[in-house]
Amino acid sequence: MTDTELQALVEQISLADFGRPFVHQATFNRRLRTTGGRYVLQTHNLEINPLMIEEFDEQTLVGVIKHELVHYHNHIQGLPYQHKDRYFQTELQRIAGLRYAPATSKAKVRKQPKHYWIYTCKNGHEIYRQRRLNELRYACGKCGAPIRLTGELKIGD
Numbered sequence: 001m002t003d004t005e006l007q008a009l010v011e012q013i014s015l016a017d018f019g020r021p022f023v024h025q026a027t028f029n030r031r032l033r034t035t036g037g038r039y040v041l042q043t044h045n046l047e048i049n050p051l052m053i054e055e056f057d058e059q060t061l062v063g064v065i066k067h068e069l070v071h072y073h074n075h076i077q078g079l080p081y082q083h084k085d086r087y088f089q090t091e092l093q094r095i096a097g098l099r100y101a102p103a104t105s106k107a108k109v110r111k112q113p114k115h116y117w118i119y120t121c122k123n124g125h126e127i128y129r130q131r132r133l134n135e136l137r138y139a140c141g142k143c144g145a146p147i148r149l150t151g152e153l154k155i156g157d
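Each residue of the sequence shown is one higher than the one before, starting from 1 at the first, in full-length UniProt numbering.
Just so you know, the hints here were simulated from the structure itself, not pulled from any lab data.
These numbers were taken from a predicted model, which means no experiment stands behind them.
Some hints here could point you the wrong way.
[Stated by the list, open to error] Mimicking PhoX-like on lysine-lysine, the simulated pairs with C-alpha atoms at most 20 angstroms apart in a straight line are:
(1) K142 <-> K122
(2) K111 <-> K154
(3) K114 <-> K66
(4) K84 <-> K66
[As the list claims (entries may be wrong)] What follows is a list of derived Cβ distance ranges for each label pair:
(5) N134 <-> V40: 42 to 50 angstroms
(6) A16 <-> K114: 45 to 53 angstroms
(7) E58 <-> R31: 21 to 29 angstroms
(8) L15 <-> Q82: 21 to 29 angstroms
(9) K111 <-> G78: 23 to 31 angstroms
(10) Y87 <-> P21: 18 to 26 angstroms
(11) Y100 <-> R31: 31 to 39 angstroms
(12) Q112 <-> A139: 23 to 31 angstroms
(13) Y128 <-> K106: 28 to 36 angstroms
(14) E55 <-> R129: 37 to 45 angstroms
(15) G124 <-> H83: 39 to 47 angstroms
(16) H24 <-> Y87: 15 to 23 angstroms
(17) V109 <-> N134: 28 to 36 angstroms
Backbone N, C-alpha and C fix where the C-beta goes; we use that ideal spot for every residue, glycine too.
Construct the complete structure from the given sequences, taking the supplied hints into account.
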């Protein structure tokens, strides 16, 4: 799909679902990694992640476009346009847009730590840490008693 085909699709969805024309630019932006698309407030343009059409079906692309068009039309009309706004959320549900874009192959996967240090105070409270610390400088956060290194926990490997 080219930028001109995307522009035509966005204009068609805008008229069909909102009854208002989309008069700005919609383009693909390959630099987007973790998001499906974005609405640029200063220029009123839409940028769509091309991986939404390459890795997923056209329904996903349409859902992302609808999401960005809710931002666009609400902002143009002076209505609440942020994700946290109740009006934005109800409008997104009304037109059946995607709340979240699916994770792409370019998105970084967060890894769980594989190693913990276990400290215990005199009263039996356990403290799990990813980094080792100087036991003489720290005390238990719950009771204030001195802490001692009692073991380590390795996960996975």
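Cβ-Cβ distance between K111 and G78: within 23 to 31 angstroms?
-> Hint violated: Cβ distance 43 angstroms, outside 23 to 31 angstroms.
Is it true that the C-beta distance of H24 to Y87 lies inside 15 to 23 angstroms, as the hint says?
-> holds (21 angstroms)
Does the alpha-carbon distance linking K111 and K154 stay inside the 20 angstroms limit?
-> Holds - the C-alpha atoms of K154 and K111 are around 14 angstroms apart, at most 20 angstroms.
Okay, A16 versus K114 on CB: inside 45 to 53 angstroms?
-> holds (50 angstroms)
Verdict for E55, R129 (Cβ pair) under range 37 to 45 angstroms | holds (38 angstroms)
Measure nothing beyond the straight line between the CA atoms of K84 and K66; if it is 20 angstroms or shorter, mark the hint as holding.
-> holds (17 angstroms)
Given a hinted range of 21 to 29 angstroms, is it respected by the beta-carbon distance of L15 and Q82?
-> holds (24 angstroms)
That 39 to 47 angstroms hint for G124 and H83 (C-beta), does it hold up?
-> The hint (39 to 47 angstroms, Cβ to Cβ) holds, given that G124 and H83 are roughly 43 angstroms apart.
Regarding Y100 and R31, is the given constraint of 31 to 39 angstroms on their beta-carbon distance met?
-> For R31 against Y100, whose Cβ atoms are near 20 angstroms apart, the range 31 to 39 angstroms is violated.
Is 28 to 36 angstroms a correct range for the gap between the Cβ atoms of Y128 and K106?
-> holds (32 angstroms)
Given the range 28 to 36 angstroms, decide if the beta-carbon distance of V109 to N134 lies inside it.
-> holds (33 angstroms)
Can the suggested window of 21 to 29 angstroms be confirmed for the beta-carbon pair E58 and R31?
-> Holds - the Cβ-Cβ distance for E58 and R31, about 22 angstroms, lies within 21 to 29 angstroms.
Of the numbered hints stated above, those contradicted by the structure are hints 3, 9 and 11, listed in ascending order.
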